[in-house]
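Fit chain B to the given chain A structure using the hints.
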Amino acid sequence: MSRRTALWNRWLGVGLASCLAVVTLGLALTGRLALYINPSSNWFAIPMAVLLLVGAGLSFLLPLGAEEDHGHDHDHGHDHGHRATGMRDAAGTASGILVDTPLDRRSARRVAEDPRPRAQGGGSGEGAAAHARTRTGRPAAVLAAAGGAAASLVALSILLLPPASLSAEIAQTRDVGAAPLFAGSDVVNLAVHGDTTAFGVGDWASVFATATNPDAFVGDTVTLTGFVTPGDDGTFDLTRLVITHCVIDAQPARVPIATGAKSPATGVWVSVAGTVRSTASGTLQIDATKVTPIDEPKDPYEY
Amino acid sequence: MTRAPAHEPPTARLSVSPATRRTVAIGLGVGLVAVLFALNAFAPGLMPDLPTRAQDGLTLSISVLIESLPFVVLGVVLSIVVQVWIPPGMIERWMPRRAWARRAVLSLLGMLIPVCECGNVPFARGLMMRGFSVPETLTFLVAAPIVNPIVIITTHQAFGFSDGILVARLLGGYAIANLIGWLYSRHPDPDALVTDRFRDACETVTHEAGDRWRRSLAQLVVELRAVMPALVIGAALAGAVQVLVPRNALLAIGSNPVFSIVAMVLLAMIVSICSNVDSFFALSFASTFTPGSIVAFLLVGPLVDVKMLALLRTTFTTKVLVGMVVTVLLAAFAIAAGVNLVA
Numbered sequence: 001m002s003r004r005t006a007l008w009n010r011w012l013g014v015g016l017a018s019c020l021a022v023v024t025l026g027l028a029l030t031g032r033l034a035l036y037i038n039p040s041s042n043w044f045a046i047p048m049a050v051l052l053l054v055g056a057g058l059s060f061l062l063p064l065g066a067e068e069d070h071g072h073d074h075d076h077g078h079d080h081g082h083r084a085t086g087m088r089d090a091a092g093t094a095s096g097i098l099v100d101t102p103l104d105r106r107s108a109r110r111v112a113e114d115p116r117p118r119a120q121g122g123g124s125g126e127g128a129a130a131h132a133r134t135r136t137g138r139p140a141a142v143l144a145a146a147g148g149a150a151a152s153l154v155a156l157s158i159l160l161l162p163p164a165s166l167s168a169e170i171a172q173t174r175d176v177g178a179a180p181l182f183a184g185s186d187v188v189n190l191a192v193h194g195d196t197t198a199f200g201v202g203d204w205a206s207v208f209a210t211a212t213n214p215d216a217f218v219g220d221t222v223t224l225t226g227f228v229t230p231g232d233d234g235t236f237d238l239t240r241l242v243i244t245h246c247v248i249d250a251q252p253a254r255v256p257i258a259t260g261a262k263s264p265a266t267g268v269w270v271s272v273a274g275t276v277r278s279t280a281s282g283t284l285q286i287d288a289t290k291v292t293p294i295d296e297p298k299d300p301y302e303y
Numbered sequence: 304m305t306r307a308p309a310h311e312p313p314t315a316r317l318s319v320s321p322a323t324r325r326t327v328a329i330g331l332g333v334g335l336v337a338v339l340f341a342l343n344a345f346a347p348g349l350m351p352d353l354p355t356r357a358q359d360g361l362t363l364s365i366s367v368l369i370e371s372l373p374f375v376v377l378g379v380v381l382s383i384v385v386q387v388w389i390p391p392g393m394i395e396r397w398m399p400r401r402a403w404a405r406r407a408v409l410s411l412l413g414m415l416i417p418v419c420e421c422g423n424v425p426f427a428r429g430l431m432m433r434g435f436s437v438p439e440t441l442t443f444l445v446a447a448p449i450v451n452p453i454v455i456i457t458t459h460q461a462f463g464f465s466d467g468i469l470v471a472r473l474l475g476g477y478a479i480a481n482l483i484g485w486l487y488s489r490h491p492d493p494d495a496l497v498t499d500r501f502r503d504a505c506e507t508v509t510h511e512a513g514d515r516w517r518r519s520l521a522q523l524v525v526e527l528r529a530v531m532p533a534l535v536i537g538a539a540l541a542g543a544v545q546v547l548v549p550r551n552a553l554l555a556i557g558s559n560p561v562f563s564i565v566a567m568v569l570l571a572m573i574v575s576i577c578s579n580v581d582s583f584f585a586l587s588f589a590s591t592f593t594p595g596s597i598v599a600f601l602l603v604g605p606l607v608d609v610k611m612l613a614l615l616r617t618t619f620t621t622k623v624l625v626g627m628v629v630t631v632l633l634a635a636f637a638i639a640a641g642v643n644l645v646a
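Top line first, the protein sequences correspond to chains A and B.
Note that this note's numbering gives residue 12 to position 12 of the first sequence, counting from 1, and the numbers run on in steps of one.
The number in this note's numbering is simply the position in the second sequence, starting from 1, with 303 added.
Looking at chain B on its own, in the form it has when it is part of the complex:
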């Protein structure tokens, strides 16, 4: 094996055998994890209390992070599977040729892969690194948090079929996803939609040398590097906004057919609840808010909330995000107004 990096001085390779080096590396890893555990166990006793508000903000952020971390890990694992372990051509063989049909199938992929929005971003990055186009991946990314088995079950538990909320959510999510996919497929240069940073990561990962295990490790490192800072900052923002924006101010306008939609859309963007459970949260507003505004909440929340935007920014340019937000908001508003008219 010529795995040892060539740019190190030759003496480094001569003096330490690969086996020893591996043992040292693993030992270092285990040691650092142990240090983290020790810090976590003993440091809190020495720390002063935070002011109530700051503490509440931190508590909210921690809960978002602890809740989303397993989904991020799942997303990274799936992205490693897609990128490294599934042989080339295996997925592609099943895909239709026509662009719109490919997008339609991809937007249903969420049905098979139960990752909610946090795990979605790393998985979608894996798809793009594999060779799926940007508009196709965007379609998956927007559809999957809504057209997702867990989300369908919890939404049904919360609302049943009353007021068409479940149906409007599913069809609406599917429609918005394909609308966004179609819009960006008209873009003259889809490669310009992603950030330079993602292009670097792509290059790194697709050209990673070594066996599959080594490539898996590299993908793990690269994906965590891309997602974690954004997730932490997004969660911190979500926590801070929740303690700073008074909720009553938003809720004073619940029964107006137009303003209730605006209020619930704003609430959805602020609270950043995982799409798996947001229907239970929305349920407690159902008695005071119009059904359309509930649908708007359920459509906007999973797609463009504060946390999700921070995550998406790792991969897509700001321009794309603005376009997405505008499209999602307009479409959600139209669907919600429709539901309000019918209900």
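If we strip away everything but chain A, and leave its shape as in the complex, we get:
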């Protein structure tokens, strides 16, 4: 195990993990973790990232290559012992494991702590040769190296590139025509009987899609934030991505907005104030009294 290989292996394991933990904590510290995951899982993500970095720091105590060396320069007796413990066949009994695991461990430790067999190197050469034979061939090694390089490239671009939210373009391609039904009929009940002022685009989209008595909502005043996607004539869609857990499950929710003026360009973030109206075809839409372009909010998603 050359020093360079050992370093490369450390980078691919502890290094890549540390990059991701640092990105997680960096986003958390600047209040931007909501760009990627639902804040309700912050309690889990942040402490685990800290734990990982502590482990990464401590891993420097382990001499470089130490995690790979042991076992490789032992003799065949060990290889055999390993087979017995590590790869026990289904037929192996529990008592067997009870007996030979501690013995095997103890002898492993004794050999590892005894410098003589290594210094003499008699059996170790043989072990290394056997080891080399089981190693995968050259094409596989090249493939593994390429995979490592690709993973490093991805991890570094995550570390070095600025964070971003999903584009309006992907919101459009992900639209399946149905509103997300996260809260299901509860939303509609709440909307009829209670307060709709806290409703976001996602809530209203479910209401518009599932309301059995749309007239109950006519006249409600709303103020909503979202980005613009193209709608039917005379309207644009106010769209927001709704996520359950993290951005990969993002689904677009949209409500049609009627405005007398020209629609803003696709992808622009706007704040819309208006009232709910029913159209001639019996569906609901929002008649905007005011459409104000705004900067993208810090939490671009709804949950």
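Just so you know, the hints here were simulated from the structure itself, not pulled from any lab data.
Predicted model only: the values in this text are computed from it and were never measured.
Wrong hints could be hidden among the right ones.
Unchecked claim - Covered by chain B, per the in silico footprint, the following chain A stretches (three or more residues, Cβ under 8 Å):
1) 15–23
2) 39–46
3) 153–163
4) 166–173
5) 237–249
6) 276–290
All residues carry an ideal CB built from backbone N, CA and C; glycine is no exception.
Chain B alone, transformed into the frame defined by chain A:
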């Protein structure tokens, strides 16, 4: 202690005391982490914007990674506990003797250990290093993402008991896991099912010298080395495929009892959503897709999606993965078709 590696020149040991060496090592670790933080804080300001599509792909990949990293850490911690801290024989004492009964119990282990699929792989590796057989571990690996308390709760929240989706998911997952375990227990040489790389790691870890803390550190390093590149590549693939494959193309076939299953299976393999929350994702398709296809989505996604296959490849040979994919797809298709007939 004779902990200092024997292959270093003796002068290295004479000139630096172990305490100084430890301080230097920790200092180096803290320093490098600080460098990463500094890079993360200042470099993004200097970088050019990516094209929209590439940026979206990257954003999706990052979210998968940030979401799964804590579960990977949890999985590695559990694998260290199983491998280093639980005394030999403690788990084994509770296990039944018969092979099929052991598999049945192991596939329920997921109930006690709430790791979803990303944390599963390191944990399962820990089990194998401890001495559980390959078919037994495969059974756990396939069952745990589905027979898992969090998954049961979220699936129930999303679907309740309607159309038997929850029941079909749980029983189906349990059945598929035991089917795969049984299939591979018929294999003449179960040791041949794992990669050489895993066998090396096994050897390394089971023979690691030193006290428990040192062995824990070694296990941490080895497990992260095995899992991280695969996780990063799997997440990158999942992100890329999502921006490249148009979703509408898949969804145009929602109500056909056969093609809807195929479409949802493909979707499940592509999106690589964590099994803890995939039921909410599936819920929004429930209005247009057949119940059977939803069950197929919920069965296939946690077991053989793009990200999971990359992770499994760290430990199992390609042949095993192909066998697993075929078995899972066929079984899921059969269960889904059954649900469609009944519902």
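Hints, one by one, checked against the model:
no. : hint    : verdict
1   : 15–23   : holds (count 8)
2   : 39–46   : holds (count 3)
3   : 153–163 : holds (count 9)
4   : 166–173 : holds (count 5)
5   : 237–249 : holds (count 6)
6   : 276–290 : violated (count 0)
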